[in-house]
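Asker: Residues per chain, in single letters:
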Amino acid sequence: MSEGLIVSGHDPRFERTLYAHVGKPGSHTLDYYLSHGGYEAAKKALTGMTPDEVIEEVKRSGLRGRGGAGFPTGLKWSFMPKDDGQQHYIIMNADESEPGSFKDRYILEDDPHQAIEGMILAGYAIRATKGYIYIRGEYRRAYDRLLAAIEEAYTRGYLGKNLFGSGFDFDLYLHRGAGAYICGEETALMNSLEGLRANPRLKPPFPAQKGLFGKPTTINNVETIASVVHIVARGADWFAQMGYDKSKGMKLYQVSGPAVRPGVYELPMGTTFRELIYDWAGGVKEPIKALIPGGSSTPMLPFNDDTLDTPMDYEHLAEKGSMLGTGGVILIPERACVVDVIWNLVRFYAHESCGKCTPCREGVAGWLVKLLGQIERGKGKPGDIELMEDLLDNIEGKSFCPLADAAVWPVRGALRHFRHEFERHIEAGGCPVEKKGFWG
Amino acid sequence: MGFFDDKQDWLEIVFKNYPPENRRAAVMPLLRKVQQEEGHVSPERVAEIAEILGTTATEVRGVMSFYSYYQAVPTGKYHLQVCATLSCKLAGAEELWDTLRAELGVGPGEVTPDGLFSIQKVECLGSCHTAPVVQVNDEPYLECMNRERLKALLEGLRSGKRLEEIELPGDCGHEVRKEGA
Amino acid sequence: MPKLRINDREIEVPEGTSVLDAIFHAGYDVPYFCSERHLSPIGACRMCLVKVGAPRKGKDGDWIRDEEGNPRIFWFPKLMAACTTRATEGMVVDTLADEVKKAQAGMVEFHLENHPLDCPTCDKGGACELQDRSYEYGLFEKYYTQTQNGLKTVLYSRFAFTKRHADKHHKLSEFVVLDRERCIHCKRCVRYFEEIPGEEVLDFIERGNHTFIGSEEVPLPAGFSGNITDICPVGALLDLTARFRARNWEFEKTPTVDMNDAFGAAIWVDSRSGRIERIRAREHPETNEIWIADAARFGHGWTVRDRVTAPLIRKDGELVPASLAEAEAYLRERLARVRGEEVGLLLAADGTLEEGYAFAEAARALKADHFGFENATRFPAANLPAARFEELLSAEFALVIGDPAEEMPNLYLRLQEFLKGITPAPRYYHGTPIADLRLEERMPRRKERLAVFAAYPTRLHRFAGIAGVYPPGSAGPLVEALSAILNGKRPEPVPGVPEAELRRVAERFLAAGSRAIVVGAEVLEAPEAAQAVADLARSKGALVFAMPPAAGARGLEAVGLWNPRGPGWEEPGARFLFAFGATPPAEVLASARLRVLALSHLDPQARAHADLVLPAKTFYEKRGYTVNAEGRLLELRPAPTAPMGSMDGLEALAFWLRAMGKKPPAAHYREARERLHERYRLPLDLPEEGFFWRPKLRLAARTGKDEGELFLQPTMWKERMLRDDRVRTALGAPRLRVHPATAKKLGLAQGARVEVATRYGRRDATVALDPSLAEGALLLPAYGRGTGRRVPYRLLVPAGGEA
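In order, the protein sequences belong to chains V, F and S. With positions in the first sequence counted from 1, the corresponding number in my numbering is that position plus 10. With positions in the second sequence counted from 1, the corresponding number in my numbering is that position plus 24. With positions in the third sequence counted from 1, the corresponding number in my numbering is that position plus 1.
Keep in mind the hints are simulated off the structure, nothing from the lab. Think of the CB as a built atom: it goes at the ideal place given N, C-alpha and C, for glycine as much as any other residue. The reader is advised that the hints may include incorrect statements.
Short derived list, chain F residues pointing at chain S, Cβ under 8 Å [as the list claims (entries may be wrong)]: (1) V70; (2) T80; (3) A81; (4) R85; (5) G86; (6) F90.
Listed below are the simulated DMTMM-like cross-link pairs for lysine to aspartate or glutamate, each with C-alpha atoms no more than 25 Å apart in a straight line [unchecked claim]: (7) V:K213 to S:E16; (8) V:K446 to F:D195; (9) V:K140 to F:E36; (10) S:K52 to V:D400; (11) F:K57 to F:E188; (12) V:K225 to S:E195; (13) V:K220 to S:E90.
Have a look at the derived ranges for each label pair, beta carbon to beta carbon [claimed, not checked]: (14) V:R387 to S:D133: 34 to 44 Å; (15) S:F77 to V:E399: 15 to 25 Å; (16) V:R151 to F:D30: 22 to 32 Å.
Chain V with its partners taken away, still in its complex shape (with noise of 0.2 Å):
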């Protein structure tokens, strides 16, 4: 367990960074994270390093975009213009609001000098002297700490102007959400932010050459920007020790359902859903029939030992026909209809349709959200699934942007694997699950 990859938190290398402060008292004040090392890394690069030795850096560790995508965030800097003259911008993403997916909220809440610092390093990266916190608006106490933060960072000068003496100024400002799912759409995060209806933009240009009120902008997940400071801190080669191929690092992995303790496990990526389920969230309180694997829209898989052997990471869950995505793992009871559960997701994702495009706005939020329905409530008709079929076929990859594909995805997982509780609702006409007794 000691030589070659660190792919189970039960390794002895492994070491928790991210999660490492989180739930500790006062570990949201900048003296407590001072006293842990805080603001070193920042130190480091910004007295150290140049911009592109920070990029390299994170090139060199693999680190991918913890938002679900994937994207290698060293490849995304380096696309940022250099010597342009015009002003850059980062943004966090903080609009976290895919369904099972809450580990961005406690890295706010509870070490939000983390994030401020990876910030300062992003932006130093990429050449950004302002930084936005988009913060989603429900998450009031991780904006009141952040803003805390940003305050107490200000006066004592870890943000502003000359960091670490360095001549690098730099800028932090926080905005908050209202309600919009779509907003964690990075077009649509800028358009949000600008004051604009949150509908996506279109691609090129990209937001490296045109981004957030018109200039250059990157845009990163919460758990990105913080693993940069470890990256930075610790080197690429610590980095690139934990996971498989091409899925690096540690990962934020969270539990919800019917698990005995549902909750964010910081653990080395390709830790398999076994050891997250059952040795760090201590069990499954319920029989369970399929789990989600990284948030509603990665389509869901049996709750079998093939699925609990699979090692979460990008390859390996791509090779089972799903995604990590944001690593949320949701778990579904044998007593859970598989079909009121996608119904209930599809009725997530047609509320936070955009409306801007048609396969997103007819198909999903039209015409699958109430075939669904349909269905479900034992008003399906022979026929009905094929048809569903054919309207999964006329909009997956044919809207404007991902939101109709997240849609479509778990329905594809749910009648892959569970296409005979589609047929029963139709044979039986209803649903054959009660819906009572969830409620404790």
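Assemble chains F and S onto chain V, guided by the hints.
Answerer: What follows is chains F and S alone, placed relative to chain V:
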């Protein structure tokens, strides 16, 4: 009198968050301020915000109606937002919602006669491990809301206690903010 | 210039071309709803999904090749929206693949899902893009079928739920109605308002499946709102002036030119059973593109009301119908011994070139010294160089003195393009690009490129880096002061405009590589100032755009209807007066002994003064040339709506001259055109590629000065349009705008209702105190008469006394 007439200092601070040529970027904080203090955003406030930002009321309404937080109709003193998405659903959010409706006797868009409560189903609040979750107004989440905790919440609010003074019985039964080390 | 293949055809397109335009350029078709010419492509409707592949370059910089050595085509993993995909070198596009057809059919099905299919009661029926595209791309037997009782049938949709219900008759203004059920969310209208006139008065409200079009600015500001009824692909936004008037295929569609201002916008006149029912914009890429102003579009109701259909002769003080023979006899009798010098010949502002020529020739032959045209300015617009509208887009700085949005609304839209830095688009096989990738939503307006001054804040003011408001009458001094600064001289002070402001304008003017000067009626009424503009253009180099208040001014002046010395439209003169197309001011009529007016409609002055009225055609019904503000020759074509016996200016003039025993210079338009051809080398038929007539003229300016305090404010709406209740309701009572301090002096209170009497007649107005005006300002809408002038006035309170 305009809502923002006596809030010029606050406005100035808000506008500092955005480039001066992008005043309308402040539309969300302004809408939130009105929502927080008045419980909804009336057409008069929409027009006032448009005036302050140098845009049209149409644009402000377009933005406002895009988000679920801003309300066009008045809400109660305590606006209870019940998460209804998957993890909360699997923890009984529907039963919680039905109980709340029956208990308060209101549906979405309505306010209890005493003006205290209004309810709204919302989508995933990002607290799936502490389901089911309820948010009151713009305050931190109320987690693991079982029957007893809900009862205590309503009783506390009805008795005039402030939200932070109300003690909810029990807890989630597991540590909620700490990884499993 | 990338070369690419569309299905089986190799084409070459300009850099930056969208795949959608490349497809049309290659002669293939692809469906679309959200794209529209001159609007930003947004990729929202997803109708234009096609299969796209492109070659890739390897690490060595050369194309990755297949076994045969040809660049290998890598197909995109998903179908691409053609409207937002850039055509690149070596690209391969397949619009005919089965997966493309299935996707397009699927998208049609989605579009029809919530569309009400109430086509029988929809004014768009027969001209609806959704109808056409559904038919062409939606109804494939292989995709949607149903079998019942063993019989298979094709379906347009498998959607078996209740459709979304929404407000079906939502009035956005007196002119535009919105049907929210029919809306397919293409966003053309929303983008139009922000991108074209720069007014954010329409937007999506709510989100997802609940999204609908809404406005908090209802009624929509009249000005440029009507274009959304043209570009709406379905019947969601409709022209209320034409509501339920005809099916689209029943209209007689006449392509002609709007003569309400000097821009010369191309229009369609849609008529049925001899009535004009609707006006639509007609595409002319170099002038109005696909836009027209609301006045041009909605201001046609007057044509069908109370037409003069027969000659009217005054008998016992009343105008009574008479036969043409009676009219002829009447006229012969009264003109029998009249000498040519005693005759006055006047033509309306919308007269054609042929009419102008005939009037000018007749006046010369008669040695009449009273002749001219309505709204002729003191300085002839034709003396100023004329730039093409498209040339404005190449300028770096523009100085505007006047109010383009009202004086020449389409020029205002061109100025918006100028502010965004848009240059003319390339032309394709199919014409204007449908998805011009240079255009984006919410393009910033480059305010530093624009300086605007007027007697009141105009629509353009908020887009200008330098903007000022001067007291009426100061346009001339402003131009002269600016000219002095530019020529290194000391400027005279200009009321309301600090010298430093003018110096900033001069700085930017000189710093710009290319400049434009836009001047309105107010400057053209100040001859020294207008001359200074001409001199500046020559000495410093600048494009000039003059906005004369008479639509035909440039052409009428050039064919000799310019009368610098004798009385014209505005001044009393001849004892035997003939006017065509409009009624001259009362004092002109009153001083004559015989007043013959050829009119399509009677007005109070004509009722009071005319001795003989001949039925006249409106400009919609005439054939002839006109020359617009850029010196472009345009052709008017007649809609079949003129009442039997009504005359154009040539026929009416001939009628008058024959009564005098004289031979008319041209009896009809063709003859006049031959004369124009002989004298000015104008083409007998307008060539496809267009024709410019911009003779270098140095006509003497007319003398005189404004004597009065009431400024007649330019407006796109014309007196005759006010006959229509709908227009009157939309515009509301005319406002007498006055600076608060001035109001105090005059004893005028906000909201007071007064009657304002000027030489053009009396008008009811409501007093509006307006601190945005300069002190001393008193403004009343001109509705076309005396635009840009200051005239004497009297105020009467409703009771009848003087204010």
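Asker: Each hint needs a verdict: does it hold in this structure or not?
Answerer: Cross-check of the supplied hints:
no.	hint	verdict
1	V70	holds, 7 Å
2	T80	holds, 5 Å
3	A81	holds, 4 Å
4	R85	holds, 5 Å
5	G86	holds, 4 Å
6	F90	holds, 5 Å
7	V:K213 to S:E16	holds, 18 Å
8	V:K446 to F:D195	holds, 22 Å
9	V:K140 to F:E36	holds, 19 Å
10	S:K52 to V:D400	holds, 19 Å
11	F:K57 to F:E188	holds, 21 Å
12	V:K225 to S:E195	holds, 21 Å
13	V:K220 to S:E90	holds, 24 Å
14	V:R387 to S:D133: 34 to 44 Å	holds, 38 Å
15	S:F77 to V:E399: 15 to 25 Å	holds, 23 Å
16	V:R151 to F:D30: 22 to 32 Å	holds, 28 Å
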